[in-house]
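Go by the hints and put chain B onto chain A.
Those protein sequences? They're chains A and B, same order as listed.
Plus 3 on top of the position in the first sequence (first one is 1) and you've got this note's numbering.
Plus 271 on top of the position in the second sequence (first one is 1) and you've got this note's numbering.
Simulated from the structure, these hints should not be mistaken for laboratory data.
Remember, it's a predicted structure, so these values are computed and weren't measured experimentally.
Please note that the accuracy of each hint is not assured.
[Stated by the list, open to error] Okay, the calculated beta carbon distance ranges per label pair: (1) B:Arg293 x A:Met154: 37 to 45 Å; (2) A:Leu25 x B:Glu380: 47 to 55 Å; (3) A:Gly252 x B:Leu332: 41 to 49 Å; (4) B:Trp542 x A:Gly72: 41 to 49 Å.
C-beta: ideal position from N, C-alpha, C; glycine also.
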Amino acid sequence: MIRMLFRRLWLIPVVLAGWEWLARAWANPFLPPPTRIASWMREQWFSGPLLLTEQAVDNFVPSLVRVVGSWSAAVVIGITLGVAIGRIGRLADYVDPLVEFGRAVPPPAMLPVFLVLFTMGTQVQVATIVFGIIWPILLNSIDGARGVDSMQIETATVFGVPAHLRLFRIILPAASPKIFAGLRLSVSLALILMVISELKGSTDGIGYLLSVASNNADMPGIWAGVVVLGVLGFALNSLFLMIERRMLGWHRGARRTA
Amino acid sequence: MTAETTPARAGQPNQGRPSPSRARRGKLLRHAVGVAAFLLVWELAARAGLLPWLPAASASLARVAELAFDPAFAGDLLSTLTAAAAGLPLAVLVAVPIGLLLGTVPAVEETTRAIVEFLRPIPSVALIPLALFFFQPEINAKVALIVYAASWPILINTLYGVRDVDPVATETLRSFGFGSAAVIWRVSLPSAAPFIYTGIRLAASITLILAISVEYFVGGSGGIGAFLIQASTGIGADAMLDVIATLVWAGLVGLAVNVLLLRAERRLFRWRHA
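For reference, chain B alone in the conformation it holds in the complex:
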């Protein structure tokens, strides 16, 4: 996110400077002008035939709206989102305990580091053909790959978060006779939580990447990936119309997920920012 906008506070005097709410309105206006100018240039370029394959902005946006009422597309969108939504919590369940273990027991971390350092850079999509052989209904392969790929940022952030915990706090608890499980539960986990959450936010965008990628390879499984590949077998502006409209939907979904997770973050960790 760029430049945090400070919320306007009622009853606060500010002399001379433009009020926060006014500055914010100016910014919003510039945002709107930017988007409008982009759409206008796109429309004119397409109408003038500068790029013969490019459908006009108006036609593309109309198609975006149309797709919302297309049951086949809605089903595909839902199926992608379901797989992503199923994979993310599973990844949390897998990665957070492992991260806690690696973060609190240095011996285990040292032993497994070489394996982790080798597995982590493998591009997760390279595992698609393998996963399709191993996990039979395709949906299982999709969720398994999502869990695998989404686990990495959560695991790494948990590891770093736990390692960053104030040792004074853990030692204090320990000297009061708390066991290691209690120390992890009461100190390590809460103070690592914001880190872990950042990992989850990164992981959320990875779930969509993997879901769409897997859908490219299993034609009959549905999902917007399958919809996109189907659309891309056409040629020219007609095919492009469907592809662009789907792309806009994919972007809107990505944006919505981002905004929701950021909102939740601000609410969950208000104690930290305060």
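For reference, chain A alone in the conformation it holds in the complex:
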């Protein structure tokens, strides 16, 4: 166990030590040594009464709430709309080109619309994230709901299975591999959109801290922002993969495409 961990992780301390040595030898202000970044983070963020400082709480919490809240909203709206569209006659044919177009727009290009509308604040982030990530979810939900074996649904109908059970026991499970394929990219995309919308249109959040550090040419601050966003990305992705494995464990193809 310990040997395996060592085999897998030995490169990380080596890289960090190499970086430390290089940064000290080179003395380039753009490349602070990792110890400097770590002490900056401890001073600014992790020296509060209950670990986190006020600055950390005031900026980490809004970011987290925005990204998780908007992602959940996009998922609920996307799946609900998508399944409805996919199940109602030929409705999918009518909306297909619109959804395809929405997906083709590079998501950050949505941001200015909401900058004009709201100028600043949480609405900008929420709207940018939701409108940025909903398209692949919508498209795959439509596709998944449309592709459900009609024999299964008809059988259930004949046996008098009520509509809500047909939805939750047949349609949604059958569509879920497709839906998860759409969701997989949405987590990292939501984070990207959170950062970009906080860099541009916000007065708090991790992205805002990053933009302040950048304006002050505070290099350890910039690096610290990158580190904390990396940790956040890692945590959110791991959480998503865990949920996916739980909900899609029964599906044979699910493991291969991960």
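This is chain B only, laid out in the frame that chain A set:
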């Protein structure tokens, strides 16, 4: 892409069912009706003043056409596309060899996995401020970030593609005395190619995401990101007109890139689908 449309084949009998070409025409008609209905609702909503900030569909589409002949906008569009087009092949050159290495030498993959797993979830746009300090003319920072971000899906897909190669094929070649370079070149790379291509297709949309995001931060560098940010400093329906028109252009570009890459995929890997 949704529901593949099967191409109509001449001279094929089909009894009773609507012919493929007719089904396809019906579908196209429904597509057109859907778009028309959307534009109509948009136009009416804007005219009725339901959303005061929303310019009418007709005005927006007119602005889209107008922008095509606006040299400043055309220059911006070109500059975004140039950066994306420069970054994508560079990302392929960086990511495919690394992916091949990681995919064929398990020891290297195991050692670097922790680093890869930590670097990959960092949202690439968080690196924008850093890149702007490190790479001096802004265009370099833009291309560097595009290459970095676009490399990940190509790298991962190459890795999985190579790992998926039929071991019988590689062992056969090896037993005939081919060296590992020859095995990679003749078996691993060709059979991983469709995977790699899918990675490139994902990467193409990432290049546009990064190009526009970087342009938001460096005002004078041009690009549709800079154009959008400039437009968004205005207020009300006038500002929205430019923003929406640019958005339509961004969507058209994204759509064109998608369609071209899918077409090329079908042509390149016909042997695989057959």
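The hints, checked one at a time:
1. B:Arg293 x A:Met154: 37 to 45 Å: violated, 26 Å
2. A:Leu25 x B:Glu380: 47 to 55 Å: Check failed, 25 Å falls outside 47 to 55 Å.
3. A:Gly252 x B:Leu332: 41 to 49 Å: At 48 Å between Cβs, range holds.
4. B:Trp542 x A:Gly72: 41 to 49 Å: Between Trp542 (chain B) and Gly72 (chain A), where Cβ atoms are some 47 Å apart, the hint holds.
Violated hints for the displayed structure, listed by number in ascending order: 1 and 2.
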